[in-house]
Amino acid sequence: MDFLYFLDLSQSIIDGVLFGAIYSLIGIGFTLIFGVMHKINLSYAAASIGAAYLSLLVVSAVPAPLVYVAAAMMGGLLGWLVYLICFRFLPLDNPLASLMSTVGMLLAIEELISHVTRGMPLNFPALFASTNIELGPYFIRGDLLFVFVLGCIAMVALMQLLKRTRLGLATRAVAQQPVAAQLCGMSVNATNASTFVIAGLLGGTAGAMAGAAIGVLSPLMTLPLTVKGLVVTVIGGLGSIPGAIVAGLIVGGVENLFQFLRGVSERDIYVMLMLFVFLVFRPGGLFAAPGGRD
Amino acid sequence: MDFYLGLAQVIGIHTLLGLSAWCVLHTGQVSIAQGGFFAIGAYVAGMLTSMWGWPLGLALLAGAILSGIVAVAVGFPALRIKGLMLVVATTAFAEIVRLVFFNLTWRVQTPAGLVGPDGSLGFGGIRYFPGNGWSMLEINFLIWFLVAFVMLFLGWLDRSRVGTLWRAVGEDELAAQSAGINLTAAKVSAFGVGGCIAGLAGGVFAHYATHIEHNNFGILLATFAIAYPIIGGLSSLAGTLLAVIFIQGILLEGLRFLGDWRSLLFGALIVVVMLVRPSGFLRRSLGESFGRTKHA
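For the record, the sequence lines run as chains V and C. Quick note on my numbering: the first sequence kicks off at 53 and runs consecutively. Quick note on my numbering: the second sequence kicks off at 721 and runs consecutively.
If we strip away everything but chain C, and leave its shape as in the complex, we get (with noise of 0.2 Å):
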């Protein structure tokens, strides 16, 4: 029973930053930094639950404001590359944060000993959900309650002006223009809003781990944030939660039979995914499949 709750989190946290690449892609920017504002996230909540003593909730909403303040950051100057090169700007952005964390050294001293960013050793001993009791059950409450909310929050935008002037800069960027849409505010904003959400995930993850260290957060997870929207659909978000437990339930649990050969077919069965069904799993939002009309 542990090892589907376990499995239960990650599909959770996974979800979270697949939402945020979501956010991102919708605005037709395809962003490898999600990967690296996940990092931030989860040093900076980590940091403050467990070398200053913050409760959880305040330091999951520390992360993900700093997040989406770095990820305004980026966004700006993002503004002025599109396609091809803003994938390389972004990766050389997550790989300038996983190298920074990689650098780290800032321990503190606190009754439980030395706690803190250990440089290429990691920053072990977040021990919030340990020290605080938590079990896994209530641990995966607080992942889904969180992955609820931010679907609901993104469903809401979407069908909100926010998300209509989002799939307008995102379907063609002179057009949206030429209509009187401000393009930096729509960008910018979506960065911004992902960042958010994928600091949020990185928090959380630090917590659940309770040993982060520059390795996790290197360009692959990056990859597998934007590979949930494209794989499940960019037009609907309960695709990203399709997307993630057919990546992380399916294949990667589900082939552990197969033992080593699991990430070769992996990378295989993405490439068969894009074949077979290049636009993603699901093409309508779930609403619309049930009769209800997108609004214009």
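Next up, chain V with everything else stripped away, as it sits in the complex (with noise of 0.2 Å):
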């Protein structure tokens, strides 16, 4: 193994962590769904890519960056949607049912995007796409740092809002205690609206960063994003947001690691290995959630 083939190594290791920042914002999705409503929302992936598609009604009109934004928006819309028709009408005491209807908006979602776009990978606008930064022998690519530093905007954003403002507040009391809360005179259904509302708008920001990271935007993309978003959710400890961001950049890592020791059909058995390692070891994930109610 000479200096070159660890150099390689180090640089795919560097390239993951930073498209681990892709993995990071939905598994933070997933886990703030579930540690408020202690459900799981198998349609977050796919209502996220969703949102990254819907955002390119309008790139012939704005200028790029805008439409980061408006996929955010146009996430944060179609959590809301989830919410109604999912979540808002079933009994709470029946968690089976709220799974398999999110499934069922799972195939509805990618479905509904191959039948528009028939089935082909659409272009999306990578920001910084051709600039490389050296830092001594690695090359730090300028889309993935870009994809990178927005999430870690994004969850910035994501922790400001959950711990300096009101609606913060009332998430997390719901999540610890939906009766205590409603006491208080919080109202569940509002607050786990907004809750996935927020969910939606960094799952919008995911899928942007993955349509930018891979330069087109596929329904392929579903179900590993899925996958992937649901092992880093119990990597980190459900529930816990800190964790989702440790285990997303972990995944990201470790993915393009093996995908450089084994090559690309092997890198996710490894993957998968990995998680049953971590379930094997320590079952609660890494930061697992004090107390738990589950």
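It should be emphasised that the hints constitute simulated quantities derived from the structure, not laboratory data. Quick reminder that beta carbons are idealized off the backbone N, C-alpha and C, glycines included. Treat the hints with care, since some could be wrong.
Partial list, computed: chain C residues near chain V (C-beta under 10 Å) [unchecked claim]:
no., residue
1, Met721
2, Val750
3, Trp772
4, Val807
5, Leu819
6, Gly833
7, Gly836
8, Gly839
9, Leu877
10, Leu984
11, Leu985
12, Val991
13, Val992
Distance ranges between label pairs, derived from CB positions [claimed, not checked]:
no., chain 1, residue 1, chain 2, residue 2, range
14, V, Phe328, C, Leu903, 18 to 28 Å
15, V, Asn146, C, Ala868, 29 to 39 Å
16, C, Thr904, V, Pro173, 39 to 49 Å
17, C, Phe1001, V, Pro173, 37 to 47 Å
18, C, Phe861, V, Leu325, 22 to 32 Å
19, C, Tyr724, V, Pro276, 15 to 25 Å
20, V, Ile192, C, Pro831, 56 to 66 Å
Using the supplied hints, reconstruct the complex from the two chains, each of which is provided in its own coordinate frame.
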């Protein structure tokens, strides 16, 4: 193993960690919804990609950075729609029913995207695509760095929202004790809806980031993003946002590492095996949520 | 006529898949791994008959037993995880199985040429049925005989002590443990029985399809597997059959006239069914509807 091999290895890991910001955002979305409603929304990644597609509607009319803002807003809208259709009217004590309805939603969104675009991948505007920063022997791709910075901004904004605003306070209250929150006068339905909207904003950003990093948008991206997002959520600990952030970067780095070592057709086997190792030694996740209600 | 026979075959195989998921869902574990056991049964049974000339019955049995063993092996670590994490862990397991078969290349020279799984090109040449002159009607008889056998077996299991233990564990694990029920035995046995049934279904599927590849065993299939018992109603075996007929027969085939928009409507219809009847089609088992009360 010579020095060049080691350089290529660490370059892969760096690229992977930068891409992992996307997985972090999707993981945060899953964990946010699970933390507040104790239910899983399997259509989340599909809605994120859908939001990125919707933002392409305005791509010819606005400068490129605003496309990302548009994607985030579309994501929020889609999140609210998913809440309305799949969660609002279902009885709370039947988790399987909402799981099934989100699966139905996932299928419907994926098929809708395939229909409207006739299955052709669409180009997504990527900023800083031709810039490469040199850091010693390593190249840091400009578009990946932009995606990473965007992800960091989104995470910081989320933490500020949760810690400093009344909406964030209400979200955390309903997550901890829904009955007590209702007694304090918070509307559980409104808070749940706003959680979905916040998660949707993050998801729309993640979808746009995925489109920017890969260069194209395709309905084939929804399923791998869903699976990896769930893996990130579980490794980070259900209901824990810092956990999802760290786990997303880890999964991104490990994925690229195994792609470098074993090739692209086998890399997911090792990522899943890593999940099993985590589940055996730390079933609560990296940052297990304190005092579990579950 | 052949079209309806083919449809009946698909319904039969998916019913077996749904029944395997019913076992596991009964103990309260949501497992997306049934697709993985289906794949293992399919590849093992297909390899045994096409590469080494085993008779069909033995090959199906071997596929089912091997899937059952793997299911028990997966069931033990699954004891430590509940809820969403189990969903993710079983999804990961199903993906691992699919990717292993995606990369598996093992070809053997037989009188009919090179036969065996060929990596991403899939596993073709499982010609037991055409080679031995089975007609579609006879294949149907085999499939539905297996369905009837499994349904009777599960119905017997459900009314016996084992079924009571499974239901107790499914309703409330803490209460079941404090009543002295062995949680490990109940959950792992449910996983094992479910895995066996899924392996059996996979073996029959491989022979009916004559060509299998990794795409057939993705997360979509596993999601269908758990959709059937949930939509059909968890307390009833006949509900699973009803749900398979509903989804495969009415939704997928009956909506064929809609052309491309079929799959879209399929997803939307699942959402609608869950909104209208969240606990599934049949809420009580068929025996109860006809006046007999459930044994305690």
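Structure-based check of each hint:
{"no.": "1", "hint": "Met721", "result": "violated, 31 Å"}
{"no.": "2", "hint": "Val750", "result": "holds, 7 Å"}
{"no.": "3", "hint": "Trp772", "result": "violated, 27 Å"}
{"no.": "4", "hint": "Val807", "result": "holds, 7 Å"}
{"no.": "5", "hint": "Leu819", "result": "holds, 5 Å"}
{"no.": "6", "hint": "Gly833", "result": "violated, 26 Å"}
{"no.": "7", "hint": "Gly836", "result": "violated, 18 Å"}
{"no.": "8", "hint": "Gly839", "result": "holds, 9 Å"}
{"no.": "9", "hint": "Leu877", "result": "violated, 21 Å"}
{"no.": "10", "hint": "Leu984", "result": "holds, 4 Å"}
{"no.": "11", "hint": "Leu985", "result": "holds, 8 Å"}
{"no.": "12", "hint": "Val991", "result": "holds, 4 Å"}
{"no.": "13", "hint": "Val992", "result": "holds, 8 Å"}
{"no.": "14", "hint": "V:Phe328 - C:Leu903: 18 to 28 Å", "result": "holds, 21 Å"}
{"no.": "15", "hint": "V:Asn146 - C:Ala868: 29 to 39 Å", "result": "holds, 31 Å"}
{"no.": "16", "hint": "C:Thr904 - V:Pro173: 39 to 49 Å", "result": "holds, 48 Å"}
{"no.": "17", "hint": "C:Phe1001 - V:Pro173: 37 to 47 Å", "result": "holds, 39 Å"}
{"no.": "18", "hint": "C:Phe861 - V:Leu325: 22 to 32 Å", "result": "violated, 42 Å"}
{"no.": "19", "hint": "C:Tyr724 - V:Pro276: 15 to 25 Å", "result": "violated, 37 Å"}
{"no.": "20", "hint": "V:Ile192 - C:Pro831: 56 to 66 Å", "result": "holds, 58 Å"}
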